[in-house]
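Heads up: the protein sequence lines correspond to chains U and R, in order. Going letter by letter, the first sequence gives residues 1 to 440 in the working numbering. Going letter by letter, the second sequence gives residues 1 to 806 in the working numbering.
If you are wondering where the hints come from, they were derived from the structure by calculation, not from laboratory data. We put the CB at the ideal spot given by N, CA and C, even for glycine. A few of these clues could be false.
What the hints assert, rightly or not - Which chain R residues face chain U? A few, computed with CB under 10 Å, are given here:
{"id": "1", "residue": "Val271"}
{"id": "2", "residue": "Glu371"}
{"id": "3", "residue": "Asp415"}
{"id": "4", "residue": "Glu416"}
{"id": "5", "residue": "Ala434"}
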Amino acid sequence: MPAYVDRRSFLKTLGLSAAMYPFLCNLPSLGMESSTGRKKRLVVMFSPNGIVKKNFWPDEAGELKAFKEILSPLEPYRDRTLTLHGVCDKIRGDGDNHMRGIGCLLTGVELYPGNIQGGSHTPAGWASGISIDQELKNFLQANPATKTRFGSLEFGVSVPDRADTWTRMSYSGANKPIAPIDDPYQMFQKLYGNVKDQATLRSVLDDLQEDLAKVKSVVSTEDRRLLEEHAGFVRAMEQELQSATEGAAVAHATPELEPGIREENDNIPKLAKMQIDLMVSSFQADFARVASLQITNSVGGARMTWVGVDEGHHALSHEPNSNEDAQKKLVKINKWYCEQLAYLVKRLDETPEPGGPGSLLDNTLIVWTNELGEGNSHTLDDIPFVLVGGGLDYKMGRALKYKDVPHNRLLLSIAHGFGHEMKTFGNPDYCGDGPLSDLV
Amino acid sequence: MPAIRHSSAIVRLRGALLATLAVALASASLAPSSIARGDKGSSTGALIYANKCASCHGANGAGTDDYPDPLIGDKSVLELTSLIDQTMPEGEPEQCVGPDAEAVAKYIYDEFYSEFAQVRRAPPELEFSRLTVRQYEQSVADLVGSFTGGGKRDADRGLAAEYFNSKRHDRRKRTIERRDATVDFDWQKANPADTGEEPSDEEKKKAEEEKKKDDDEKKKKKKDGAKEFSVVWTGSLLAPETGDYEIVLYTDNAVKFWLNESDKPVVDGWVRSGKDIQHRVSMRLLGGRSYPVRLEFSSSDDDDIAKIRVAWKPPHHVEETIPERALTPHWSPEVLVVATPFPPDDRSSGYEKGTAVTKEWEDAVAFAAMEVSRYVVDELPRLANVKSDDGEREKKLREFCVRWVETAFRRPLTDEEKHLYIERQFKEGENLDASVHRCVLLSLLSPRFLYREAKQGPMDDYAVASWLSYALWDSIPDRQLREAAAKGQLQNRDQVYAQAERMLDDERTRAKLRVFLHQWLNVDRMHDLKKDGEVYPGFDERLVSDLRTSLDLYLEEFAWGDAPDFRRLFLDDEVYLNERLAEFYGKTISPGTSARDGFVSVSFEEEGRAGVLAHPFLLAGFAYDKATSPIHRGVFIARNVLGRRLKPPPIAVSPLAPDLHAELTTRERTILQTDIAACKTCHAMINPLGFPLEQFDAVGRFRKEEKSKPIDAEGLYVTRDGETAKFDGAKAMAEFLAQSPETHESFVEQTYQYFVKQPPLALGKESFDESVRRFGENGYNVRKLIADAATTSALRARELSQTENK
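Just chain U, same shape as in the assembly (with noise of 0.2 Å):
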């Protein structure tokens, strides 16, 4: 199928009330699901460059009983944490760690040869599969019971402006990648466009109505009666619009976003913190059920001046480990990456279902991740995965700690909770002995 370019496309469909339907079905008291259980969300939150081993992992497994330092803003949600270590990317052939690291993470699977040249080893082009995110939405849109209006929603924040392996971690398919949408206005426009340009257009339509009138009076009498019936249609406009925005104002509030802000390094902190805000207003509205938030990219640059650190974060990570200054740096660096999925972790906990007991954080499984288990080894064993939240009822509060296990499993896992029970997901070799099976 080609794709269709359209960025319009949201006007593809005929009569205003079926494009408002989006609005009316999310509507709680008109909600679907409360027949079929409670609603399960997945959120991916991406940060780059690998972590400090010793500042990250819990000593011991078990019980979760205290957090090293880099994951400290966790604490108040210590109980609904899970970490996995041991959990190891197993996928190999063309690319290096790094774009493997990305491109493989989410998909399982190897990427097709082609011309982008990293680091070392051989060049490579994109995955050769969809990622877990986009095969979880493509189930939950095929049942009407769980299909939303966007079925997934890709959130980025300081995404460079290029497509190449390394910016790109979601695969609608094999070559298939999906751009995260790192600026908040346009990721307004998609949510909330068509409710700005609808009251724009209740605005004018009693302008329209007086001209309306006013060329109906040079018309012929005969001539006339179309006009009539044209204004006729303009009234009845007018009173589906007003329904459709009193519904959607049922359903929730228009979020205002701090006009203004622009894509630039310092402002990363609010840049993110608006698109968490997005995020959390869209699963209010139901927009979504899947969705992730790429905090830069692979090899990420960003120079996080907000914590004190001056030096680009990838430059920073290649530092061994015996450069106690690097490591002290690398520490505040995945703190604060660490922060922003405390800050949505803490949103989701205030925000209550609409419709349902609990919170959204009742409902949400976030999976904080990242391409490399450490910067400067560039391995991809130890990936660092961090569970958090209610959503697929896993056992939380624990510290897990796996033999080498491919990160395949635990994609695998994931598919399983929402009920999707594949038996294998990438790469097969490496979903051997299925999901995993101690994190309920």
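Given chain U, work out where chain R should sit, using these hints.
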């Protein structure tokens, strides 16, 4: 499956009614019967009608529930008399014979049956109408386009190409600048950008440094891959028809492709991933417009080989490499193509009209207005030429809005309109973008944009300008036309005609004429043309696509070449062929003949093939999948060429299967099938118009015999004035049609309908007759006819609007 089923051939072309009306009036003096009213027969006739006919046919022949078809037609009184004498009343024809039949025939004819009676009963008037969908799309594109300027238009074709001897487009390493007719290259491991020319010393030094770097890298990789070079192609894509276009890039290397959008590539394949890569993208384009194109290509030594081909699948065609004729080396501005789908217009009169509004239409208008206004606000810096930090931003944006609304409304705003559309939309303390948004939105919803000027009071020069531009372009007036209106330079015929003539030389006129010719020839209904693969092996999708191209190349050359003489459409004996078509139709293209995208014009004189009616595409279109259909061919000639009105078949008849009468030729079978009184009334006209084309089979190939019997290609036509013309074969018939006044008048009529979109008789019979006369005087020049129709109708409409309001 037959190519065209019987049912689709009997789709009522009600446009033909109007066509016939005018033609009948034009030749009124030759009509075989008096049309004077109140003649003696009428009172007797009226009585008989009331007693014996009205119970089925209803008062005034309007029909009843049992027999809903109204008594309207183009038979003469004599024909009617004989029909009534022999068949009416149904089942008891003996009840009304001889003088009675004649009296009732006369009564019927004069009161309501004939076209004259119809015109008398309902004299056509100019229609008040909204923009058609096509007019809406074109108007919006030109409205936005009026703020971006135009691209260069000339005969140059192909794309501008720049070759670089590096994998990035480094200007210092540009070694070749040239024009490429198409993008279809397989360089394998060669480097086309390596011209071996000596670079300057400075460049040499740089190159050596880079070479060393490259060599070091290569040593590391030791890979025998493609060479490093890159190419950038730029120019425009010409879309021949409105519809969805699929563009396909085949490559093994890195590509980026921009089409009608400058800010973002529609294909970003800079990451090559895998081999034999196809990038596909679909986009709706408006026919007759140019769209900016940019293609970047880069081969690196990570790639095995270097190759690229750019193909497309235009509407109604198979995929093919984008031909040279569809590419120009010049930049064009982006075109706004409205994405909102509109419900189709009413075409029951044979051409699209905007004389009705529906809820779906109004919803589409609202969506399109939201779509376009959002686009305008997003593109405001470019369209209004105002930066976000401009000190005079508000003033400039108000000016922009005035210009926008005036362009949309095709006239200057009154103070009252300015207040409503501009002042009231700029609210105190509000974001200026929001004000512009509201203003643009309101203007696009306004009746002043959406409705045509006719019937909105007396027409001034602005209304004449708009009449002209919609007649010729289906769009708003351009700057020159607006200026002419402002200066009062659209007063007399010479002034208006001069503008019309200027406006002929425009892609929009070409596009509109093309759509008209397609409708006239029914090509717009001949999609999915298929034939039985066993009977006609080789007549596949690709061949059909080529045939369509062949027809379009001909129509283009005919209409815009040196001699747009209408009669050529019947008499030309050449057909454009490429190698594939030549082989199928038994021709050879001599090597070295200069071809246009592989097509050359080849003579078919020796077959007696003549004109567009005998173009294989039409012959195949008006035929079944295994056999020809003289009926389809005859109906087309009777209706669309001669302007005759045919009723739907009175009884449902499925065509006789050829295998049931294996010994019969198609001609014999057709005669057998229609040998029923109820059929004969029309088929006496239809069949003999279809038979002369029996020289060509169901794929349009010449044949001398069928079922081992020689082809009988004799046909005839009884003209409206009762003369019988006989012809043997396609060429003789074409010669008759080319000179027939009925053909000429019908064509003028249909030109008026399609271009002006008003009933021609509403403009007065005299002015229409004048157009027919001038058509002949101008050597049947089709281009002049269009300019004449636009001019004559505009002036006449103004005259009418002024007398009406006195």
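Holds or violated: alanine 434 of chain R as interface residue toward chain U, Cβ cutoff 10 Å?
Because about 7 Å separates alanine 434 of chain R from the closest Cβ in chain U, which is inside the 10 Å limit, the hint holds.
Can you verify the interface hint for glutamate 371 of chain R: is its Cβ closer than 10 Å to any Cβ in chain U?
Constraint on glutamate 371 of chain R satisfied, holds at 5 Å.
Once the shortest beta carbon distance from glutamate 416 of chain R to chain U is found, is it less than 10 Å?
holds, 8 Å
Restraint check, 10 Å cut-off on beta carbons, for valine 271 of chain R near chain U
holds, 5 Å
Using 10 Å as the Cβ threshold, decide whether aspartate 415 of chain R counts as touching chain U.
violated, 13 Å
Comparing the model with each earlier hint shows a violation of hint 3 alone; every other hint is respected.
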